[in-house]
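For the sequence shown, position 127 (counting from the first letter as 1) is numbered 127 according to the working numbering, and the numbering increases by one without interruption.
To be clear, the hints were calculated from the coordinates, so they are not data collected in a lab.
A hint or two may mislead.
Unchecked claim - Within a straight-line C-alpha distance of at most 20 Å, the following computed EDC-like cross-link-like pairs (lysine to aspartate or glutamate) qualify:
hint, residue 1, residue 2
1, LYS242, GLU229
2, LYS211, GLU229
3, LYS212, GLU229
4, LYS143, ASP254
As the list claims (entries may be wrong) - Simulated restraints on C-beta separations:
hint, residue 1, residue 2, range
5, TYR249, LEU183, 14 to 20 Å
6, LEU40, VAL237, 18 to 24 Å
7, ILE206, SER55, 28 to 34 Å
All figures in this text were calculated on a predicted structure; none of them were measured in a lab.
All C-beta atoms in this analysis are idealised placements derived from N, C-alpha and C, irrespective of residue type, glycine included.
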Amino acid sequence: MKERKYRNRRGRNGKKDSGSSKRFFSSVKELILEKKFMILILGGGIGLLSFFIISMIEDMDLQSIQDIFSAFPEGMIDFFGGLAVLANPYGYWTMEMLSFIWLYAGILFIFTASSLLSQEVENKTIDLSLSKPISRYNFLGSKITFLYIFIMAIIGIFFLITLGSMAASSVFRAEGIFLERFLAAYFSVVLFLGALAMVAKFFSTIFLSTKKSVAVGVMVLFIMFFLGEFYIYMDEVIQGIKYISIFHYYNPVDYLIYADS
């Protein structure tokens with residue numbers, strides 16, 4: 001009798017876990033379908049900007065740019081990644097696109113991350129969502145999973161357009177097309193933007209307001225940028241503050257230019 005009760009209980013729990021898992025993947029799928037046009041438009045838009053930069057590099061004399069920047073203060077040159085970066089087509093593209101990807105796409109990702117939970121609270125649909133066969137952890141996990149898929153898809157489209165543009169460029173073909181470096185840079189960008197989005201997601205669970213979460217998220221974004229990029233101008237005693245900035249750990253030049261060093 002006890003064994004039968006145990007089997008029945010285990011069966012009910014198994015069905016509940018199965019239903020919760022199905023609801024988890026269903027929630028992720030719903031969010032992806034809801035944002036599919038945004039993924040295509042944003043990924044394509046950043047990709048077209050990258051295509052424009054690559055086309056511009058075709059007509060540029062990078063050696064002359066290096067000569068001009070060599071007269072600048074060393075601190076300013078280091079900010080751009082060094083003279084080797086400015087004289088390399090990959091380096092110039094990285095400086096124009098990847099170094100400022102937080103500005104092109106990061107702010108939108110912060111808005112998306114901030115609104116995923118808070119909009120459900122503001123629209124009073126969160127109770128309905130949680131009343132379905134899904135646990136709170138799976139509910140939150142589905143939002144985070146979607147967020148990373150969203151970022152990976154947009155950056156993936158951007159990188160595919162870029163790779164095609166570079167393959168069609170005589171300047172980049174002469175330099176060489178490095179797929180493994182490109183893949184490493186892709187994951188570096190995804191992890192960087194994902195970390196920024198997760199900071200915004202954290203604030204959205206505190207404020208439960210899209211406007212407040214976005215405002216704080218963007219403010220923290222610029223503070224992190226300042227701490228991560230301009231710490232060398234601070235007093236040596238407090239330069240260690242750079243380690244709390246996500247920007248300090250993000251340097252795509254290491255993957256595209258200095259990968260062999």
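- Task: Just pull the numbers of the violated hints for me, sorted ascending.
- Result: Hints 2, 3, 4, 6, 7 contradicted; others consistent.
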